[in-house]
Amino acid sequence: MLRACLRGANATARKNYRRIPLTSLQQCRHYTAGESSSASKVVVAGLLTVSGGIGGTVLYAKWDHKFRAAVEKNVPYSDWLLGLALGPAAQDPGLPIKKRVELAQPPSMIEKQVKKEGAEGPVKDSSPAPSQPAQSLEEASAEATHIISAIGEVPSVPAPCDTEAAAVKECNECHEHKEATAVHPASTEPMKERPVEEVAARLAQQEQEEQDISASVSASLEDSLASSAKATLQAIGAQEAALQAIMQHTDKLKEAMEAEVLPEEKSNQWKDLEAALADRTTALNDARAALLKANESLDSLRSVIDESKGLKISSVRPLVLAAEENLHNMVVDLDKMVMKVQSAESEAKIVSQYSELVNEAKRQFQREVSSLTPEIQANWKGLTGKLSTDDLNALIAHAHRRIDQLNRELAEQKVREKIHIDAALEQQKLEDQKALDNAVNTALQHVKEDARLDQERKLAELREVMEAEMRTQLRRQAAAHTDHVQDVLKVQEHELKAEAEQVLSSKMLEQETRYRQLTQEQLDNFTLDMNTAYARLKGVEEAIDSHVVAEDEARKAHQLWLSVEALSYSLKTAEADVPTVPLENAAQAVRDSCRDNDFALALASALPEKSLQRGVYSEASLRARFNSLRSLARRVALIDESRNSLYQYFLSYLQAALLFEKSQEAPPSQLSSEDLDPFKLLSYASYCLEHGDLELAAKLVNQLRGEARRVVEDWLIEARLTLETRQVVNLLSAYANAVGLGTTQAP
Amino acid sequence: MSEKAANEHARKWDRCLADTAVKTVTGLGVGIVFSLIVFKRRAWPLSFGSGLGLGMGYSNCQHDFRSPYLIHGRMVKVSAQCNFHCLSEVCDTRSHHAA
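Chains W and C supply the protein sequences, listed in that same order.
The first sequence begins at 1417 in my numbering and counts up one residue at a time.
The second sequence begins at 1347 in my numbering and counts up one residue at a time.
The hints are simulated quantities; they were obtained by calculation from the structure and are not laboratory data.
Be aware that a few hints might be false.
Result set (BS3-like, lysine-lysine): computed pairs, CA atoms no more than 27 Å apart in a straight line [claimed, not checked]:
no., chain 1, residue 1, chain 2, residue 2
1, W, 1709, W, 1864
2, W, 1850, W, 1756
3, W, 1864, W, 1756
4, W, 1845, W, 1670
5, W, 2115, C, 1350
6, W, 1670, W, 1778
7, W, 1646, W, 1709
8, C, 1350, W, 2026
9, W, 1988, C, 1350
Pairwise CB distance ranges, derived in the manner of DEER restraints [what the hints assert, rightly or not]:
no., chain 1, residue 1, chain 2, residue 2, range
10, C, 1384, W, 2063, 27 to 37 Å
11, C, 1354, W, 1417, 25 to 35 Å
12, C, 1426, W, 2001, 57 to 67 Å
13, W, 2029, C, 1354, 16 to 26 Å
14, W, 2063, C, 1367, 14 to 24 Å
15, W, 2063, C, 1385, 27 to 37 Å
16, C, 1426, W, 2047, 51 to 61 Å
17, W, 1417, C, 1406, 23 to 33 Å
If you're wondering where the values come from, they're calculated on a predicted model, not measured in any experiment.
C-beta atoms are modelled at their ideal positions from N, C-alpha and C, and glycine is treated no differently.
Work out the full structure, taking the sequences as your base and the hints as a guide.
This is the structure we're talking about:
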């Protein structure tokens, strides 16, 4: 009894605490004892875990960028956090954007261009474009553009340039260069040859401009020339008049000095002299004014000539030259006249000085005479009858004294004469020298001017000659160029023709192949359509056939299902303790209805014989029987092969009487060795049976050993039978359902 | 068919008890007879006889209950012409299990 009690207590204890692990007891103890400390510990642990997780994530994101991207994408606000911690994510290096065009040219290119330009020969700047082939112009201009950009500076020069014969070649090169640069810096797009009309227009425009300028220049020159000529003539005339006046005056003066005429005539003479003097002064003034005017006009002419020289137009040159010559001549004439006038003036000065001296002497004498004889009048010749002898004597004495004085003075004068003459000669020499120098200078200037004019004339002639020569050369070159161009054109024509023919043939070929391809495609499409139509027709036929077949199948399935239903219904005919009807008929029906279905046939033949012949018991009957069997099994629980004496029987009965177990206990999912106790097994099996799980109950009952097993053997067999039959019937019905579902047509 | 298993046990018990009772009574009777005839009306033949009967009945009962577990073996003579590799059936005597 004690043993049984202990066993029972152990069993119950084990059952109750089987599932709880041993540690939980300890935990429970701890849990009841220190609640608060564990809560704080939990909190701390949680915090640690969270921070550790975040730190780990950040570190890993630093190491693996893809992970970082994934985290940023999936977790909101993580990009902010990661940006704070790690800085912005490294961007992919963008594609380097280089849009600069290479413009730097090595110096060799520049040399090459210069050589090329030089090789093309001297080209007149007025017709650069048509004389070059378009390609070379493009190349040259493209290279020029490169050079411009490389050099960086573009001197812009007006289109018409000097054509100095001496520096034709280099000049032309640089002109071309300059022209190219002048034309092209504005636009660096691909160059084209300037059209002929444009060139002609440009040339015409240039010529027109030249003509206009030359006309204006010539007009201005003529005007100034005319004015200066007039002025010069005027000046010359004035100068001549002045000269005449001076000479007249001088003559009159001489006359007046030397002539012994009557006093009335003398006064007339003096009056004439004075008039002549007045004339002379006026004439001189006029001459001076006219000279000034003439100088002014000559200066203006000179300035105009310089201006027109500055324009540097070829057609103006001869005009300029002529004007210069005229100017020179006028200047020369004017100078001559001026010199004449000056010489006349100097003579007049001498004469006037002489006359002044004479007048001075006369006055002196008069004063002396008057001082001696105050009564005597000026004109002493009329005084012969009035004078007394004393006066006469006094006068004669005075005269003698005067004569002596004069002789003395004369002697003195003779002595001084030489010195004076020397001095005068010296002075005269100096003055002569000066005059000579002036004359020489003026003559030199004139000669220089003459020479210069000559040189310019010669230059002009030479220029003309050179121009004529250059024209002939250019004509020759143009002829050569036209020949060359013709040849080149012929060659190009051939090439282009060949190319065009090739292109044409290739295009034709292409078109033919395309055409063939298209026709083939159409044929293929048609064949394809036909095939598809035929296939569809076939499909339709097959569908119809399969419909028929399917209907057949459906009918069969329906039949099968019906028979299986009948079978399963026949299973339900079991009553308490009475087995079902023998399932033979139903099985036969099933077999009939699935004659060509191997699976169903196999299943139908898998029904156990017993069920067919005798029928099976229902679950309820089995359950009921089990309950009665249970007590018996309990009673013989201790009996097996080794223990089967009557004493064991007695003990077994005792155990059954004293052992209390649950009438129903839910079986565990896995049986352990403790669960193989017959009492336990029986309670599990009861539970299963109560919950309708015959299979599990049978399995559990199957675990009984020994006498208990023998006792429940029949029940087990019956249970097995029932289970088998039920399984087969279930399978069949499932199969029938499946087949039926399979054959139903979807709406 | 389970009645057989369950009823068999009960039937066994019935038989057992009946048999034991009969044997005991029979032994008692024989004992009485013997006691009366041979052994001068002593008590010991009665107890002896009943005990004999009881014991026989007990033994029979036990045998009856054990009967499913009894294995009957037989001796098989190994013929001389047989090979060494032939398996010879081991003879099993009745195994007595300790009570």
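Now for the hints, and whether the structure bears them out:
1. 1709/W to 1864/W: The given pair, whose Cα atoms are some 24 Å apart, holds under the 27 Å limit.
2. 1850/W to 1756/W: holds, 15 Å
3. 1864/W to 1756/W: holds, 22 Å
4. 1845/W to 1670/W: holds, 25 Å
5. 2115/W to 1350/C: holds, 22 Å
6. 1670/W to 1778/W: Given that 27 Å is the threshold and the Cα spacing comes to 16 Å, the pair holds.
7. 1646/W to 1709/W: holds, 10 Å
8. 1350/C to 2026/W: Given that 27 Å is the threshold and the Cα spacing comes to 17 Å, the pair holds.
9. 1988/W to 1350/C: holds, 25 Å
10. 1384/C to 2063/W: 27 to 37 Å: Given range 27 to 37 Å: holds, Cβ gap about 34 Å.
11. 1354/C to 1417/W: 25 to 35 Å: holds, 30 Å
12. 1426/C to 2001/W: 57 to 67 Å: With a Cβ separation near 60 Å, residue 1426/C and residue 2001/W satisfy 57 to 67 Å, so the hint holds.
13. 2029/W to 1354/C: 16 to 26 Å: holds, 24 Å
14. 2063/W to 1367/C: 14 to 24 Å: holds, 19 Å
15. 2063/W to 1385/C: 27 to 37 Å: Hint holds: Cβ distance 32 Å, inside 27 to 37 Å.
16. 1426/C to 2047/W: 51 to 61 Å: About 57 Å separates the Cβ atoms of residue 1426/C and residue 2047/W, which means 51 to 61 Å holds.
17. 1417/W to 1406/C: 23 to 33 Å: Check passed, 30 Å falls within 23 to 33 Å.
Checked against the numbered hints given earlier, this structure breaks none of them.
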